[in-house]
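Protein chains: 4
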Amino acid sequence: MIAVIPKSPNSQKVAQAVDFLRKKGLEARSVPWNDQTLLVTQHNPASTDVNELKESGIAERIVLPSSKAQLASREFQNETSIVEVGEARFGAKKVVVVAGPCSVEGREQLLEVAHAVKRLGVTLLRGGAYKPRTSPYEFQGLGEAGLRLLAEAREETGLPVVTEVLEPERVGLVAKYADMLQIGARNVQNFALLRAVGRSRLPVLLKRGMMTTIDEWLQAAEYVLLEGNPNVVLCERGIRTFEKATRNTLDLAAVPVLRNTTHLPILVDPSHATGSRLLIAPMAKAAIAAGADGLMIETHPTPETALSDSQQQLDLREFASLMEELEAVAKAVGRGIL
Amino acid sequence: MIAVIPKSPNSQKVAQAVDFLRKKGLEARSVPWNDQTLLVTQHNPASTDVNELKESGIAERIVLPSSKAQLASREFQNETSIVEVGEARFGAKKVVVVAGPCSVEGREQLLEVAHAVKRLGVTLLRGGAYKPRTSPYEFQGLGEAGLRLLAEAREETGLPVVTEVLEPERVGLVAKYADMLQIGARNVQNFALLRAVGRSRLPVLLKRGMMTTIDEWLQAAEYVLLEGNPNVVLCERGIRTFEKATRNTLDLAAVPVLRNTTHLPILVDPSHATGSRLLIAPMAKAAIAAGADGLMIETHPTPETALSDSQQQLDLREFASLMEELEAVAKAVGRGIL
Amino acid sequence: MIAVIPKSPNSQKVAQAVDFLRKKGLEARSVPWNDQTLLVTQHNPASTDVNELKESGIAERIVLPSSKAQLASREFQNETSIVEVGEARFGAKKVVVVAGPCSVEGREQLLEVAHAVKRLGVTLLRGGAYKPRTSPYEFQGLGEAGLRLLAEAREETGLPVVTEVLEPERVGLVAKYADMLQIGARNVQNFALLRAVGRSRLPVLLKRGMMTTIDEWLQAAEYVLLEGNPNVVLCERGIRTFEKATRNTLDLAAVPVLRNTTHLPILVDPSHATGSRLLIAPMAKAAIAAGADGLMIETHPTPETALSDSQQQLDLREFASLMEELEAVAKAVGRGIL
Amino acid sequence: MIAVIPKSPNSQKVAQAVDFLRKKGLEARSVPWNDQTLLVTQHNPASTDVNELKESGIAERIVLPSSKAQLASREFQNETSIVEVGEARFGAKKVVVVAGPCSVEGREQLLEVAHAVKRLGVTLLRGGAYKPRTSPYEFQGLGEAGLRLLAEAREETGLPVVTEVLEPERVGLVAKYADMLQIGARNVQNFALLRAVGRSRLPVLLKRGMMTTIDEWLQAAEYVLLEGNPNVVLCERGIRTFEKATRNTLDLAAVPVLRNTTHLPILVDPSHATGSRLLIAPMAKAAIAAGADGLMIETHPTPETALSDSQQQLDLREFASLMEELEAVAKAVGRGIL
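Residue numbers (this note's numbering), protein chains in the order written: chain A, 22 to 359; chain B, 22 to 359; chain C, 22 to 359; chain D, 22 to 359.
Careful, some of the hints might be misleading.
[To be verified] Now the in silico label distances, taken between C-beta atoms and shown as ranges: (1) A:G193 / D:T326: 37 to 45 Å; (2) A:E177 / B:R140: 56 to 64 Å; (3) C:E108 / D:R128: 54 to 62 Å.
[Claimed, not checked] Partial pick of chain B residues on the chain A-facing surface, computed with a CB cut under 10 Å: (4) A311; (5) P324; (6) L328.
Calculated from the structure, these hints are not laboratory results.
Owing to the predicted nature of the structure, the values given are computational and were not obtained by experimental measurement.
Glycine included, C-beta positions come from ideal geometry on N, C-alpha and C.
Hey, can you work out the whole structure from these sequences and the hints?
Take a look at the structure:
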């Protein structure tokens, strides 16, 4: 149950409601939500108690979501959320394209990409400074030096920056440089990390795990939301299946499934999903046609020399030509990019 | 290896080539292919032997495909095949929409759908007369009575008909009524059936199995092609994964993967892939954006009363509105439907 | 619902029961079952009708299985079925080991294996004459010549023979030579074939499909049982997953899951499941410890020269040593082999 | 490459080797390993350089593992590692059984289980104090209070304790109370956490992720080993597949696959793998027959009241009877438990 508590006299009403629920055997969490206060319980009270809460004026509105991801549900909020990061408005009519290299490798590489994608209509720059790698022997990212380069690229181009954070205790550091925090596929159920980015109140880009059901993914988002951070954007990036012709299997049906169940904006990352440059353009167009609110695409000045994911990054010419194709598809479904 | 044998004096050249290869330890199959004769061997001859075949004039052209699905490969035929079934031209610029009910249930139901979809621009009618059902207690289709109704619908509307065949010994019967034979997901590696539809020379719609890799699927197509039947259309219909929010996981990346490796036209079936009416429209649009040559969509006058797959059939109003949306997306990617 | 009809006067009671059910809107199938007649309906009658059927003496016993695989359910038959093929008694206390080469390749190969495994306690010889192969270019088996060799091996050793059948119209031919018919993984939902082997009344070895849930597999068995053939043995052979270190993922938990739900005997095939000689012995022992009623193991005089599956066949020395280890594990779980 | 550096004069030789490798373009990590020092590089030096390292006496031994998980490979260490935690010796002849409740729920519950399992031959007590839960609304464990109860149970019974740690910054706290640190399935690629438990030098129980390949899992173990912590025990706990009859699919073939590639001891957790009390005993026996070095089994005084995983915990009577059955199987494969 979610109870929306009136603003005034808020603290008194919250105390009353918590007390009321405790007597009914229900522990409630108090969640600041935009300028409101919510009380959320795991289980629903009896319907007579629900009525009493409403009629007594303790709660302004009571929602009994059918989903376990209560704050993420459309039953709680019917209209799609708009998450703003600079000029990027995830969930609005325009499709947002996030682009940049897999890893920040150096000043020149990053600035070249940043300027190029900015010119092409990209509104958010991506780049990895801390890289989660299967093998401890592989390139692990530039760390804080990479963060500083991202901040410099923002300074130069005006593009806000999203980058991945891997550990709860690094959230503060990354938040000093970034405008949006990315939770990678491997950390989708790293609950301590989810709580930490929730508390940061920065916008969060939450990637689906390669082994995570849509339902589990929404419950992971709920960990962030429950810290009072409503700025969560979901990003489908492929799931693991028996098929090995692609790196992962892009589950595009997740886009309309999510659209029907959650108000959170939905991105698609065709780069990680396919692992192959040749497949990025068709899947990016398909994602927009399926209703995605945005795309995350890896671009690199010289993909063949990239320190990570060299097979799946577009060069800048390929990326420019993709942007044109995307605009046409976005218009065909009543949206647009530029 | 595929050797293209000159037309004249064909039978003599074929005999020479078979003989030559046998001496090199290679068994060759003779495959009539449009108006040519091909000799196909499992393994490649030594390069000196390849040269000798060409220089001696026994072979017009030699192809050494890197894929095991040799006749299906783009190395053998670079341009996309066009498979014609009446006015439906799979693989041509226009996107082909195949529509109709999951099962043929009766005269009225079928004719109502047939007339409606014909009006909306559909060029091929689908309908199941023999239904493969998980349980022996479920509706198994009307059998030959269903075939007769399909033939009647064709008579009335001019729409050619595609329907599933389940057994080698029924291929002849089904071929009497149908214009295109469908091999369902469960039969994608029913090799006797593949050979039988190959020999029929009717166009074949080959669905992907729900746990078939793209590579295995192409090798299944090779069974049909090797009977001298070049008219194969592939149809992606979702694979089985851990995710249960959808009936299957539509693997749309299969479309561009196939586009790069095979000349066979590629269809997508969003109805079976998703199992849910709400998801069909977004995934149909996504399929076209990803480059599919066509769609197969289940429609029913009253889906809620359908004898099979009632959750995943569009009613005729929904279908009409989908066709409009599809046209817009098809144009955005340089194609069209109507 | 399954209604067991009294033997005398049987045909009259059957007619009465069919009539009674039809009036209630239920179509019943009459199934000969050992020396009884069963009437089986897809849906259950109202409980008052169930009572009437029993009290009127039309039915001796009424079963309302919770599973869709009614005849396969433990609710219909509580004790594990014993399926006899010569001296092999699947489902009895002793663990049955089925062994032989993947493919019948020639007289010498087959007889050498047959004599060797017979000496080691094997009670059923396996060998493929018709081979379902992913590629049309691969060895497809010796066909009827292979069947004749199997019959000769039986003649020489006294071992009964199990071999795969791929097409409904070949069931009669294969049944002339074999004592048990194998349905391979790719054909587990080839319903025409299931019905055909059901009608043959020969014992049937039904392999699980690599994409088939346990529930779907039991419903496939139901197709065979419903033809009045109670002699079905299930064989787990691995399912397809994301893990590629083994050819398939052996789902050993299927053994106790099936034990709790069906009375059909359960075999395990560690050769196909793992695809690797090194893994066969540990997984064979594990299968027995998990409660399997038997094993199917590929053996070959010289695995490295085998025409199919050369990586997963044990040589005769390895097989002999495995049999000893298996005996110890079988005894530890209260069973035995020899 | 792994170079084993002589003990004396160690620091000098290490410096020499690092220097030598750097000149060849290779960065080496210095890893304390038992009482030795290892230098490990991602890529292999040229064979002439390998020879020079050996002949010069800078390295005692050079290993060039074929696997990316170099320190985990049998090529580096041929005999199975023995990881000791109190009297539990993972990797030795005796099979180790780890048991205890899913979550520590209270003093009485834990002590009752601890005393009972101790009497039955268990040598390591498990119990969760920090629980990773799919939903933020579910019971998250008692936290440090739970750790204190575990320490008390150790005090009372003499059983060492293993418990899960979820965050790098909690490793120190958990290490104060526990004898072995568990990394759960969701954290198998939480690389910061892996490094932190590596640095703790406590023995580590590393569960496989539900969608982690065996190869990726070993590379995760490498993160721990590379911190100089050789005490890693692997634990197979089921992978995620399409089959839903069990909670996960226990991949028992992982046991012999790992046996052939790594020296690390291998446990199996049939509780989480199956999610069902009825399946635990058969799969536990199968695990031992497949060659596992130990088992982890959830037990609870009253499973039906458990705050987590109530479907998959054995009661103490069931557990006692299982221990007897396990002893028989362990003896049949030349091992034993008690």
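Those earlier numbered hints the structure runs against, lowest number first: 5 and 6
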